[in-house]
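Q: Heads up: the protein sequence lines correspond to chains A and B, in order.
Under the numbering used here, the first residue of the first sequence is numbered 1302, with each subsequent residue one higher.
Under the numbering used here, the first residue of the second sequence is numbered 614, with each subsequent residue one higher.
Since the hints were derived computationally from the structure, they do not count as laboratory data.
Among the hints, erroneous ones may be present.
[To be verified] Not the full set, but computed from the structure, chain B residues with beta-carbon under 7 Å of chain A:
(1) Leu641
(2) Gln644
(3) Ala732
(4) Val735
(5) Asp762
[Claimed, not checked] Covered stretches of chain B, going by a simulated chain A footprint (3 or more residues, C-beta under 8 Å):
(6) 645-655
(7) 666-678
(8) 686-695
Quick caveat, the model's predicted, so the values are computed rather than measured.
A virtual CB, placed ideally from N, CA and C, is assigned to each residue, including glycine.
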Amino acid sequence: MTGFEMICEKCEELLQPYLDRELDDSERHEAESHLADCGYCKKRYRFEESLRRYVRSACAEEMSPELKARLAALRTPLT
Amino acid sequence: MAEAETDARRLATEARDRVRFEEEVLELADQVYRVARRLVGTREEAEDLVQDTYARAFRSWRSYTPGTNLRAWLMRILTNLNIDRGRRQQRSPDMQPMEEGDYFLYNRLEETTGAEDEARIVERLSQDSIVSALSSVPHDFRNVIVLVDIGDFSYQEAAQILDVPIGTVMSRLHRGRRILKSELAGTAVEEDA
């Protein structure tokens, strides 16, 4: 069997907030133990984590030095 | 005379606080721009939005409470301005097929490339396709994805910035990421063809 063809309810409940670092200590511990035991969730976690990292790097775009200068020029002049 | 001295001291303190505020706000400019760039369609729009955000922030610096979350305060100005400027994208979030939900993208990528390491399979997507897929996610969902995934805000901060309950942030995030993955799966098929 390839791909994700089944659903793990535990994964649905914990994976997203785990990836977002939104779980408290006991929930995080629960998520980590589950990830260690569930092959399906481990696979899904690796995919989701790398996708999130990839989205973040694809969307990184530096601001232009001109805009930076324009923002600085908006400051209140010192009298 | 003593009154004049008190006034002068008060003015000096205020000027010092304002300078410090403006410096701190400017230090956050790269992060603010990164979020703005993904909330709107073009670089020019993002630059205008950031500039308007800074103009308003500098004008209303007294309404910021020192010691509170300055990044979230700025981002709230930015998202409100973005809404005011009528950038709401009219598109139904129900347009995308969701039969396979969260697995749609992975399965599609795996199908078109053969079995691969799940941590590397995303590299099959071009960076341009990610940017374009994100821009096609409906406004309300995209806002939350951009704040949490790109701006690195917590659910609670995103809820404050957007003025919605935290449960709404979580559901929009979940739904928005699904839409994003569904869009990317469509792109993966096109790129493979």
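Q: Taking each numbered hint in turn, which are not upheld by the structure, reported in ascending numerical order?
A: Result: hints 1, 2, 8 break, sorted rising.
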